[in-house]
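Generate the whole structure from the sequences, applying the supplied hints.
Which chain is which? The protein sequence lines are G and Y, in order.
Here the first sequence stands for residues 70 to 353, where the numbers follow this note's numbering.
Here the second sequence stands for residues 1346 to 1796, where the numbers follow this note's numbering.
FYI, nobody ran anything at the bench for these hints, they're computed from the structure.
Honestly, I wouldn't trust all of these hints.
Example chain Y residues on the side facing chain G (calculated, C-beta under 7 Å, incomplete) [stated by the list, open to error]: (1) 1594; (2) 1595; (3) 1600; (4) 1643; (5) 1667; (6) 1724; (7) 1728; (8) 1733; (9) 1750; (10) 1777; (11) 1778; (12) 1784.
The calculated lysine-lysine pairs, modelled on BS3-like cross-linking and capped at a C-alpha distance of 27 Å, are [to be verified]: (13) 330/G - 267/G; (14) 1478/Y - 267/G; (15) 260/G - 330/G; (16) 245/G - 1405/Y; (17) 245/G - 266/G; (18) 205/G - 328/G; (19) 205/G - 260/G; (20) 1378/Y - 1392/Y; (21) 1687/Y - 1378/Y; (22) 197/G - 245/G; (23) 205/G - 245/G; (24) 266/G - 1478/Y; (25) 266/G - 205/G; (26) 1376/Y - 1392/Y; (27) 245/G - 1376/Y; (28) 154/G - 1405/Y; (29) 260/G - 328/G; (30) 1402/Y - 245/G.
If you want a taste of the chain Y side facing chain G, the calculated C-beta under 8 Å gives, among others [as the list claims (entries may be wrong)]: (31) 1505; (32) 1509; (33) 1597; (34) 1771.
By construction, the Cβ of each residue, glycine as well, lies at the ideal position given by its N, Cα and C atoms.
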Amino acid sequence: MADLAARGEQPEVLFWVGCAGAFDDRYKRVTRAFVRILEHVGVKYAVLGMEESCTGDPAKRAGNEFLFQMQAMQNITTLDGYAIKTIVTACPHCFNTIKNEYPALGGNYEVIHHSTFLQQLINEGRVKVQGGESYKGRRITFHDSCYLGRANDIYEAPRDVLAALDADLVEMKRSKANGLCCGAGGAQMWKEPEPGKKDINIERTEEALATLDGNAAALENLYGVESGNAGATPAKGNGNGIIAVSCPFCMTMMSDGVKNKERESSVQVFDLAELVASAEGLNA
Amino acid sequence: MIQQILFLLVAALGIGLFVWQVRKIRANILKGKDRVMGGSVSERINKTLLVAFGQQKMFKRITPALLHLVVYVGFLVINVEVIEIMIDGIFGTHRALSFMGPVYDVLMATNEILGALVIVAVVALWWRRNVQKVHRLSAGVEMRAWPRLDGNIILYVEIVLMTALFTMNTADLKLHQLEGVDLPGSFPISSLLVGLFPENVTALHALERVGWWLHILGILAFLNYLPSSKHFHIIMAFPNVYYTRLVPQGQFSNVDSITHEVKAMMDPSYQVPAGPVDADGNPVVQRFGAKDADDLSWLNLLNAYSCTECGRCTSVCPANITGKLLSPRKIIMDTRDRIEEKYESPLIFRPNQYNGEIGAESEDGSLVRGKVTPEELWACTTCNACVEACPVNINPLDSIVEMRRYLVLEESAAPHSLNVMFSNIENNGAPWAFSPSDRFNWAEELYVAEK
Chain G
70 MADLAARGEQ
80 PEVLFWVGCA
90 GAFDDRYKRV
100 TRAFVRILEH
110 VGVKYAVLGM
120 EESCTGDPAK
130 RAGNEFLFQM
140 QAMQNITTLD
150 GYAIKTIVTA
160 CPHCFNTIKN
170 EYPALGGNYE
180 VIHHSTFLQQ
190 LINEGRVKVQ
200 GGESYKGRRI
210 TFHDSCYLGR
220 ANDIYEAPRD
230 VLAALDADLV
240 EMKRSKANGL
250 CCGAGGAQMW
260 KEPEPGKKDI
270 NIERTEEALA
280 TLDGNAAALE
290 NLYGVESGNA
300 GATPAKGNGN
310 GIIAVSCPFC
320 MTMMSDGVKN
330 KERESSVQVF
340 DLAELVASAE
350 GLNA
Chain Y
1346 MIQQILFLLV
1356 AALGIGLFVW
1366 QVRKIRANIL
1376 KGKDRVMGGS
1386 VSERINKTLL
1396 VAFGQQKMFK
1406 RITPALLHLV
1416 VYVGFLVINV
1426 EVIEIMIDGI
1436 FGTHRALSFM
1446 GPVYDVLMAT
1456 NEILGALVIV
1466 AVVALWWRRN
1476 VQKVHRLSAG
1486 VEMRAWPRLD
1496 GNIILYVEIV
1506 LMTALFTMNT
1516 ADLKLHQLEG
1526 VDLPGSFPIS
1536 SLLVGLFPEN
1546 VTALHALERV
1556 GWWLHILGIL
1566 AFLNYLPSSK
1576 HFHIIMAFPN
1586 VYYTRLVPQG
1596 QFSNVDSITH
1606 EVKAMMDPSY
1616 QVPAGPVDAD
1626 GNPVVQRFGA
1636 KDADDLSWLN
1646 LLNAYSCTEC
1656 GRCTSVCPAN
1666 ITGKLLSPRK
1676 IIMDTRDRIE
1686 EKYESPLIFR
1696 PNQYNGEIGA
1706 ESEDGSLVRG
1716 KVTPEELWAC
1726 TTCNACVEAC
1736 PVNINPLDSI
1746 VEMRRYLVLE
1756 ESAAPHSLNV
1766 MFSNIENNGA
1776 PWAFSPSDRF
1786 NWAEELYVAE
1796 K
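Okay, here's the thing in structure tokens:
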């Protein structure tokens, strides 16, 4: 961004990479996939690079309002310094914080989550999701991120993106507004869970796997899944499938869950951006 | 005439006592901190119509929603007959509304059918609580003896009230039949019951009076039972839904006092506005977050008095589902118990407290540590499932975050690993211990790197 500003240019969008997108090895791949899509469609974008700092989301959820506001003010100063208007991010936590909580501190931007952004690119025909890997007939289940779904009412954009892949989209019983958390929100990402029967990501992974497998009996045994909720019992699957996510925390939690269940050879966890990039033939 | 005087006395006593209780509850709610509301009135009215009157969120679960709808509609419609009972009671009339003719026929018939449906629904609801033992209605430390009994008492009262209504109608109907006079109104259920009633005019007359008095006394007694009961939601649900936060669920409240401090730190010329002062003009020391119930906002306290203890929040809570201590319902019930414990109880009787079962952790019995343990608070993933699930738009998450703020900002009592995360953000601008200079490393293998 600093280079762009030095040349006196203004980007169409600022891609807010986020800490996970910048540092988490797994999510760095998502960052790169999304950048390839941006390059491919020719959107004029910029990143803040080293000038970006944590939005303060984990501090705020954990109750450290002081630290949150310090971070927010610092970021707002940076963003306003470059006269940024539009921000796109692959992290629902950054998305929620900048979109909803920065305005009270004087930071007003149009903030778009990458699922909405990708949906728009597909609708406009700028991304055709053909020419690369085909997902035709593969079973995909989408795990709703709390900070995208319940927190901001974005349920359809990621599903529209997946629908464009021509895959066999199956819904978990707990989906959309009833979706079950991956277990990492509210700063849980950085601490051990409190004692309990099992970890939240295991419960959620079991549900995702049972949905992909079409294992009705396993679904019934999950506590809190009530019959009669949205989503019919899926038909028998072949044991292979994809858990689609749209959040770095969900990515970590679901990947750990799949490893814990020793299913990583048959079930993969991908972010929407990765699926679109590879369907578009943009794999590096 | 004696009946009229007696009725007026009883009604005035019952209603007066109820108003007295409500005023105390109102005072309790107003012990909470002020909260800027925002949002438009039309949007609020719209929400109230949909969620409170329209029962929109009940229908996330179809069986209880239908059973509840029957009881709710029954309550609303049968109230018209209660108005008639009041009029009759005051003026000594008999079936004062019967002048409405065919409309009265329809009204009475609807009442009777709804009355019968209410009995069926109430039996089904009792079955769910006591035989089927629906998990969320019975499980959890907060569902102690009293909340469970309370749930059943309400159902028993409904049965008594409906029985009284049918006794009154059937006796009246038979009385008129014996006397060969037409009773105004149409009574599809009572006409089936006349065979069960005695042929004796005096007995019938007595039965009609017993039914009438039982119904009205029952209602007045129930009215005064409400403030001690979860059934208070039949009143509180409406203001509670009206005052729903109208911002996205992900938007957590901003702490203005901290905003001023941070601004003053970044810009020394920033003028911090004067904070609240006490009666002597000395600044009031404000607490960050909520240690006790009265540190919460009045909206959180209004929430507490609207809780129906249905446990839908807890049953969708990921922490609770996986066996952790957190139960959003308990947080809400604790808040109500605490505010009544700290200030004078508005109730005629005070059955809700834990009575020391939990909460030896704090000396002053405050909400945090006195009732709600830090372990519960730290188990929350802030996923908003509880907020989404509540049929009357209670927001347990808001209270949880306020209590976390107290633990972190006043006690510095966050779990160690969270303190590590905080210092990482402070020092590195990221919650992980990575150097900010590595922030662009992801681009190394990408052609954008040279840009």
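Here is how each hint holds up against the structure:
1. 1594: holds, 5 Å
2. 1595: holds, 3 Å
3. 1600: Interface hint status for residue 1600/Y: holds (5 Å vs cutoff 7 Å).
4. 1643: violated, 20 Å
5. 1667: With a closest approach of 5 Å, the residue 1667/Y hint holds.
6. 1724: holds, 4 Å
7. 1728: Where the cut-off is 7 Å and the nearest Cβ of chain G is about 4 Å from residue 1728/Y, the hint holds.
8. 1733: holds, 5 Å
9. 1750: holds, 4 Å
10. 1777: Holds, because the Cβ-Cβ distance from residue 1777/Y to chain G comes to roughly 6 Å (cut-off 7 Å).
11. 1778: violated, 10 Å
12. 1784: OK, holds: residue 1784/Y within 7 Å of chain G, min 5 Å.
13. 330/G - 267/G: Given pair residue 330/G, residue 267/G holds - Cα atoms ~13 Å apart, limit 27 Å.
14. 1478/Y - 267/G: holds, 24 Å
15. 260/G - 330/G: The given pair, whose Cα atoms are some 22 Å apart, holds under the 27 Å limit.
16. 245/G - 1405/Y: Within the cut-off at roughly 13 Å; holds.
17. 245/G - 266/G: holds, 25 Å
18. 205/G - 328/G: holds, 25 Å
19. 205/G - 260/G: With a Cα-Cα distance of about 39 Å, the restraint between residue 205/G and residue 260/G is violated, given a limit of 27 Å.
20. 1378/Y - 1392/Y: holds, 24 Å
21. 1687/Y - 1378/Y: Holds, at about 15 Å.
22. 197/G - 245/G: Between residue 197/G and residue 245/G the Cα gap is close to 26 Å, so the pair holds against 27 Å.
23. 205/G - 245/G: holds, 23 Å
24. 266/G - 1478/Y: Holds. Residue 266/G to residue 1478/Y sits at ~22 Å (cutoff 27 Å).
25. 266/G - 205/G: Violated: residue 266/G and residue 205/G sit about 38 Å apart, past 27 Å.
26. 1376/Y - 1392/Y: Holds, at about 26 Å.
27. 245/G - 1376/Y: violated, 37 Å
28. 154/G - 1405/Y: Outside the cut-off at roughly 39 Å; violated.
29. 260/G - 328/G: holds, 20 Å
30. 1402/Y - 245/G: Status holds; Cα separation ~15 Å.
31. 1505: Result: violated, 32 Å to nearest chain G Cβ.
32. 1509: violated, 36 Å
33. 1597: holds, 6 Å
34. 1771: holds, 6 Å
Hints 4, 11, 19, 25, 27, 28, 31 and 32 from the list above are not met by this structure, while the remaining hints are.
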